[in-house]
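Protein chains in written order, with our numbering: chain G, 38 to 342; chain L, 9 to 343; chain S, 4 to 310.
Just to be clear, a hint being listed does not mean it is correct.
[Claimed, not checked] In silico lysine-lysine, PhoX-like type, Cα no more than 25 Å apart, as pairs:
id, chain 1, residue 1, chain 2, residue 2
1, G, Lys40, L, Lys138
2, S, Lys196, L, Lys172
3, G, Lys128, G, Lys206
4, G, Lys206, G, Lys134
5, S, Lys100, S, Lys12
6, G, Lys39, L, Lys99
7, G, Lys171, G, Lys153
8, L, Lys36, S, Lys12
9, G, Lys128, S, Lys225
10, G, Lys192, G, Lys128
11, S, Lys12, G, Lys192
12, S, Lys147, G, Lys171
13, L, Lys138, S, Lys225
14, G, Lys171, S, Lys225
15, G, Lys206, S, Lys147
16, S, Lys147, S, Lys12
17, S, Lys160, S, Lys196
18, S, Lys68, S, Lys100
19, S, Lys68, S, Lys160
20, G, Lys134, S, Lys196
21, S, Lys225, S, Lys12
22, G, Lys153, G, Lys192
Read the hints as simulated data drawn from the structure, not as lab findings.
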Amino acid sequence: MKKTVPLFIGIAFGCFAVAEFYIPHHHVGALSNEFRQWAAILAASAFILGGVNILQVTWPQIRRREPDWRYKVVLLVSAAIMLLVGLPWHKLGSPAKTPTVERAATADAELAARGKAAITVVVDDDVTFMIAGKSAAGTGRPVVTEVDPGEVEVKLSRRVAGYRPLTAKVTVAAGERATVHGDPPMIWGRDGRVFVWIYDHIFSPANATMFALLAFFVASAAFRAFRARNVEAALLLAAAIFMMLGRAPLGRAISDVLPDVAQWLLDVPSNGGRRAIMMGAAIGAIATGLRVILGIERSHLGSDS
Amino acid sequence: MTALPWVDIVGYWIGIFLTICCLSFLYKDNPFYKLAEHLFIGVSVGYLIVLQYGDNIEPKVVGAVFRGEADGGWWVLRLVALVLVLMMFVKVVVPRWSWLGRYPLAFVVAFYAGLQINAVAQAELGAQIKFSAGNIDAVKVDLNTAPVDALIALPGSSGLVATKLVAERAQRPFVSVDDAVTRPSLTDLERADLAGARGNLIGLDAKAAVGPGQHDAFGIVSNLLLLAGLLSSLVYFYFSIAHRGVIGGVSRFGVWVLMIGFGASFGLTVQGRISLAIGRAYDVLGRTVDPADADRIHGPVVAVVSIALIAAGIALWERRARRDAGDQAGSRGQS
Amino acid sequence: MSAEHWSAKLQRFDRRWIFLVMAVAVVVPLFVPLGLPARPDPMTKAAFNAVEALPSCGPDDVPPKCARVFVSIDLDPASTPEIEPFYRAVVLHLKRKNAKLVFATTWYQAPPLVDRYLRETIEAAIAPAGTDGYDGAADRPYRKGIDYVNLGFRDGKGAIIQAFGSDLRGAFDHRADDGTRLDRIAMLDGVNKLSDFDLIVLVSAGNPGAKEYVQYVGTRNKLPMIAACTAVSTTDLAPYYQTGQLIGLVAGMAGSAGYETLVGKPGAGTAGADVLNIGNLVVIAAIVFGNVVFFAGRRYQRRGRTS
Chain G
38 MKKTVPLFIG IAFGCFAVAE FYIPHHHVGA LSNEFRQWAA ILAASAFILG
88 GVNILQVTWP QIRRREPDWR YKVVLLVSAA IMLLVGLPWH KLGSPAKTPT
138 VERAATADAE LAARGKAAIT VVVDDDVTFM IAGKSAAGTG RPVVTEVDPG
188 EVEVKLSRRV AGYRPLTAKV TVAAGERATV HGDPPMIWGR DGRVFVWIYD
238 HIFSPANATM FALLAFFVAS AAFRAFRARN VEAALLLAAA IFMMLGRAPL
288 GRAISDVLPD VAQWLLDVPS NGGRRAIMMG AAIGAIATGL RVILGIERSH
338 LGSDS
Chain L
9 MTALPWVDIV GYWIGIFLTI CCLSFLYKDN PFYKLAEHLF IGVSVGYLIV
59 LQYGDNIEPK VVGAVFRGEA DGGWWVLRLV ALVLVLMMFV KVVVPRWSWL
109 GRYPLAFVVA FYAGLQINAV AQAELGAQIK FSAGNIDAVK VDLNTAPVDA
159 LIALPGSSGL VATKLVAERA QRPFVSVDDA VTRPSLTDLE RADLAGARGN
209 LIGLDAKAAV GPGQHDAFGI VSNLLLLAGL LSSLVYFYFS IAHRGVIGGV
259 SRFGVWVLMI GFGASFGLTV QGRISLAIGR AYDVLGRTVD PADADRIHGP
309 VVAVVSIALI AAGIALWERR ARRDAGDQAG SRGQS
Chain S
4 MSAEHWSAKL QRFDRRWIFL VMAVAVVVPL FVPLGLPARP DPMTKAAFNA
54 VEALPSCGPD DVPPKCARVF VSIDLDPAST PEIEPFYRAV VLHLKRKNAK
104 LVFATTWYQA PPLVDRYLRE TIEAAIAPAG TDGYDGAADR PYRKGIDYVN
154 LGFRDGKGAI IQAFGSDLRG AFDHRADDGT RLDRIAMLDG VNKLSDFDLI
204 VLVSAGNPGA KEYVQYVGTR NKLPMIAACT AVSTTDLAPY YQTGQLIGLV
254 AGMAGSAGYE TLVGKPGAGT AGADVLNIGN LVVIAAIVFG NVVFFAGRRY
304 QRRGRTS
């Protein structure tokens, strides 16, 4: 049960995944699509499991007051906040609002004579409205827009994420005046105000800066580690320098030949070597895949101890 | 455009502060960096769980099984996927039954292995071998007869230029490359682009000619080098025979080709890394937002204040650490 | 006791000074730009030509008169400096042709970025009439469900990408990101898989991305695909461009700058490529100087042994 059944599962689904490529029958294709959905579901679940695991590992470190335990508290609290604001709390409240539309009791003769209607929008100054494809910012005071008679779509939204846009379809006849009021409500959840705010102002800058540190380390490594000790290393460094100069605008300013040299280096020696690596890696991947499917490779199933 | 809400302005300040906290790692590992790092990890964990559940588990499992949104009878099979997911999570709840997690793992590893076999066989082996076994010859494009697609691909050319060249040659065939690139229907900018792309090695003169059957000598040499590079690199990776004599020489050439490739890769990696730093500088200086918003955010001022605060904080932290170390050394000396 | 050679002192050089030089090299050119023009390379031109070859149509026309393009935005905040400029330029290029756009992503970090891009570049005009420094055709705000659809995010790496190639609707559970059923969206009539699109544009920061699209679905179905990638991935993807598995490749910030030049609207890519010049020079200087120090030290040591 512990090892034999997983082995058979691997053999069965692995062989199916290989064979389905060659069988054009639509039932096989449909079954294959369903198994791909399973793979997607399990991939997503693995991420969630990883997240839960981080929390499982962190809590004992806080309890035991290990070094840097206070930072682990920050980690747990921020994860908890993100989980909480990621829930769609707005769905617990009243149903989604729509803009209110009020119509004037009498028609405007001057407007009617010109064959026009008018829509007045009254929204806060942080709300944008769009009438018949043209957008404008709210001012807190009534803003009148003349439109052609017929059905007109009025869309209210906020420029920042996390607010549900409101749309009203207003049918107006010539001479008619209608007033639209609305306030796009804040939403929670994955598209919610707070969730996206945290993504934009905490996740995004931290993620980007962690990778930006590499620019400094690559400069340091260039000085301290990259030595042309032999012919091969010298070739590597020369190619790197040509590529750096050729791919930046400065290269063309120095000489028209540099960008062409860089492109040639990419097209000929780099592609030649890379193609060889690609082919070798492909053969390795096929061999490893076959070993997994045939049950020869079992390290991913762990040990029984 | 409406004004940026004050909450978002404060958000940009926090982002700039966190950026400087992360960059402080370049000085040394310090509490500000650790705070930013742990905050980032915590937010990432929460974000990941919400997103993966909402965008993948919810529609594919909850929607398909409990709301009947799957096609036809496929919801039954989706139940199997749900069981596999539960097996994956069993080890979190009951470690004794963690072996159940091998079932979904076996499926995922074997299924992906099977998919990958066909994918790499076709894309990495088949297509690459087919290309490599292709024609070594490099024939110049005949400006008087080539189709529009071939003319578009020439250095300095474009869709519009190619269309004009086709129209021009219909009126009067070209007698030389010089004649083609100076025809009156081309604009000054188009002529300048074509003039900038001239060259006998890999420029327009190498790729194009007037009259059929002309060969690009450097192109043929490049194709030969490409094939030689590929074969010699493959020889280098073949370790079943000793790399001596002729094989050793070919293998050495293969190593040189690989080194040039790695050098190109390194050069591009450097560019990529520097681009990341440029992106951060842009964000901090407010170049990625609307100018009206940037004026309200005052990014450079916030960055300078953050640097001052963090520098002062690190200085205090180092002083306290030195004092604590001194106290400890003193108490050890006394005991 | 002999004095330490200068090369030995320099080899122990505190690397934080190098960090400072790099920081200056990145920040100063932002205030004092060199202003060198960005010229597109052949791979970028090929990508541009692929989009240019798509048919143009009117705002109210429908496919097949209009091109239908699938755009996969697979990036994270860290890679935006390199490939977001390409995204903005290619979307302007596509909107000029009134192409119908279908968006999706396979990266979990991308959905809020995709939502922001749709708000800023699809639901609003990128270059309305009268835009400063832009002479090309103006674009217009796109209408959700009529001109564009956002399918959303699905995880699963190669498996889900292969599912796009055989059953796109099923891969997204028959719903767009906002919950609308796909069979109610007229612009998706006849679209069941990736081969039903006229072009596939991949904005790809890594794995899964352009490589997986080529491996799992592009080669098999002979799909017309162009890709933008980070500079790091260029050497991995260039062989696919050479074999025709990708019909265009826009590599890194320099490639994005080239695409902006071709579209006629210089932006963050062009400005960033300018700053790249000095950063590259710093690294080249570091390599050269580091080798000078190394060889000087080695020669000094050899002289010390022979004397």
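Checked hints:
no., hint, verdict
1, Lys40/G to Lys138/L, "41 Å, violated"
2, Lys196/S to Lys172/L, "37 Å, violated"
3, Lys128/G to Lys206/G, "24 Å, holds"
4, Lys206/G to Lys134/G, "14 Å, holds"
5, Lys100/S to Lys12/S, "61 Å, violated"
6, Lys39/G to Lys99/L, "14 Å, holds"
7, Lys171/G to Lys153/G, "17 Å, holds"
8, Lys36/L to Lys12/S, "21 Å, holds"
9, Lys128/G to Lys225/S, "45 Å, violated"
10, Lys192/G to Lys128/G, "21 Å, holds"
11, Lys12/S to Lys192/G, "68 Å, violated"
12, Lys147/S to Lys171/G, "15 Å, holds"
13, Lys138/L to Lys225/S, "14 Å, holds"
14, Lys171/G to Lys225/S, "41 Å, violated"
15, Lys206/G to Lys147/S, "16 Å, holds"
16, Lys147/S to Lys12/S, "64 Å, violated"
17, Lys160/S to Lys196/S, "17 Å, holds"
18, Lys68/S to Lys100/S, "11 Å, holds"
19, Lys68/S to Lys160/S, "33 Å, violated"
20, Lys134/G to Lys196/S, "36 Å, violated"
21, Lys225/S to Lys12/S, "58 Å, violated"
22, Lys153/G to Lys192/G, "20 Å, holds"
Of the hints listed earlier, those the structure fails to meet are numbers 1, 2, 5, 9, 11, 14, 16, 19, 20 and 21, in rising order.
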